[in-house]
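Protein chains: 2
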Amino acid sequence: MLDSFDQKKAQILAEIATTNEANPDLSPKGTIDELCLPIMNSINSHRDMITTSSCSGRVSVFLEGDKKGSSKIGAKGVGGHWLFVTHDKKQVPHWWKNIDFENHVENSNFKPSRFVLFKFEPLILHVKCRDLTTSQKLYQTAMSCGFRESGIGVNNIVGIRISIKLDIPIGYLNEEGKCVLLVNENYLEFIDNQAINRFNENEFKLNLLHRKISDIMFAGQELTTEETKNERRDRKRREGLAKKEALMKEREKKLGMVKDAEAEHS
Amino acid sequence: MLDSFDQKKAQILAEIATTNEANPDLSPKGTIDELCLPIMNSINSHRDMITTSSCSGRVSVFLEGDKKGSSKIGAKGVGGHWLFVTHDKKQVPHWWKNIDFENHVENSNFKPSRFVLFKFEPLILHVKCRDLTTSQKLYQTAMSCGFRESGIGVNNIVGIRISIKLDIPIGYLNEEGKCVLLVNENYLEFIDNQAINRFNENEFKLNLLHRKISDIMFAGQELTTEETKNERRDRKRREGLAKKEALMKEREKKLGMVKDAEAEHS
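Residue numbers (this note's numbering), protein chains in the order written: chain A, 44 to 309; chain B, 44 to 309.
Chain A with its partners taken away, still in its complex shape (with noise of 0.2 Å):
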């Protein structure tokens, strides 16, 4: 028998394996970010870590909804979308030219509620482990290169955090219904370059932290194991046979169009 941990896991890598375009998970973007394929696979190759979500990083520009008189800032609110987005910095250039904004016109009798965010959000992974020892040497590995705004939630899991963002205001939705620009173009090509720089640096402490991941968390990981050889043997076959079975049972459910919101990538 599988303990609880090792079903979740091999429920989620079969989710994994069968997220595609074609079969696109919960998450916005439907498909896992490449960028994030290494840490990940490294981090699902460690018997007490899986991982449950992850964004490699990401430029956003998104119109707020109608928040009917709430103070929810960040909230979605209702008809708050995404007039662009892209995990790829060299989307990001001129990423303006294909919208249809307008030019800003003084007019103090109209008080916008609804503006338009220019975002770079960084990597994101959240990552269930085991055990309580197994979350806490994570989260030290996460802290120790700079991602400061990590912790651990319940079920052990890790948030892995850090605050290389941008957001900014650059605009509003007027009467209309028109997005309008508070800013002009040179700043746009300003913010631009900010966020390919924050996209490199981003990259740069991605492969930090899947250096340090490798270093650390698998240091001594055979070592410490009170497994025998045929116990190992057995494991990988117990694990292989969950995993098949989730797969299949993954494949039914995307079949039946039946969703589940357990593993959201990107």
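Hints listed in this document are in silico derivations from the structure and should not be mistaken for laboratory results.
All clues given are correct.
It does not matter which identical chain is meant; a pair holds if it fits inside one copy or across any two.
Below 30 Å or equal to it, Euclidean Cα-Cα: the simulated DSS-like pairs (lysine-lysine) are: (1) Lys287 / Lys51; (2) Lys292 / Lys279; (3) Lys162 / Lys133; (4) Lys255 / Lys110; (5) Lys140 / Lys162.
Once you've looked at the hints, dock chain B against the given chain A.
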């Protein structure tokens, strides 16, 4: 004998009690933000929690330092410093009037490397708990109020964080060492208002968190403890003595200008 948590708590309470403008702590501001005092007092009246750092939320305008070719975004760098900081929303409007900014002139040869960032940073609290159970309960309480970037670190310290930031590059340092604005005054007024909205939302969230902590963390606190009346009286006496002792040590230390980085508020 007090256990190590109680000793630590007494020491931090003594530091808090002696911190004022004449005896600042190690934070940039040196004193505890007024808005944080009620929630801190509540938390610190709980026998299993003690705040180790706090910031009620602030607007800052920061000139990045020289990073000597390193790509460390967000790092302070040599010569990095604040042009403006406030924890009081009433101080935000027209903050730039007292700063000597230059106007931007297009110069294709000059690639600035030090930028001026306008930031809103929301409430952040670190709370050390006596045990994992308490830290998990506090973590879940914070998450339930929308502090979605919270997490537990080592030694049962809970970081309580929320993502209602602003992080806006507004200028750069030119070759003559002057700060140059890339946006106009209309835009500065606009982001002042955005920051004030966030201050309001932040205060709303702070009060919500305070209420929830009072409701959830204190519920049944007396009922679940196995202390008798006498044990409680003895503990209170020991805590009082330890606080008095720590207070005296703290005064001596401050008089001797010996700094200690344990508690840092603001």
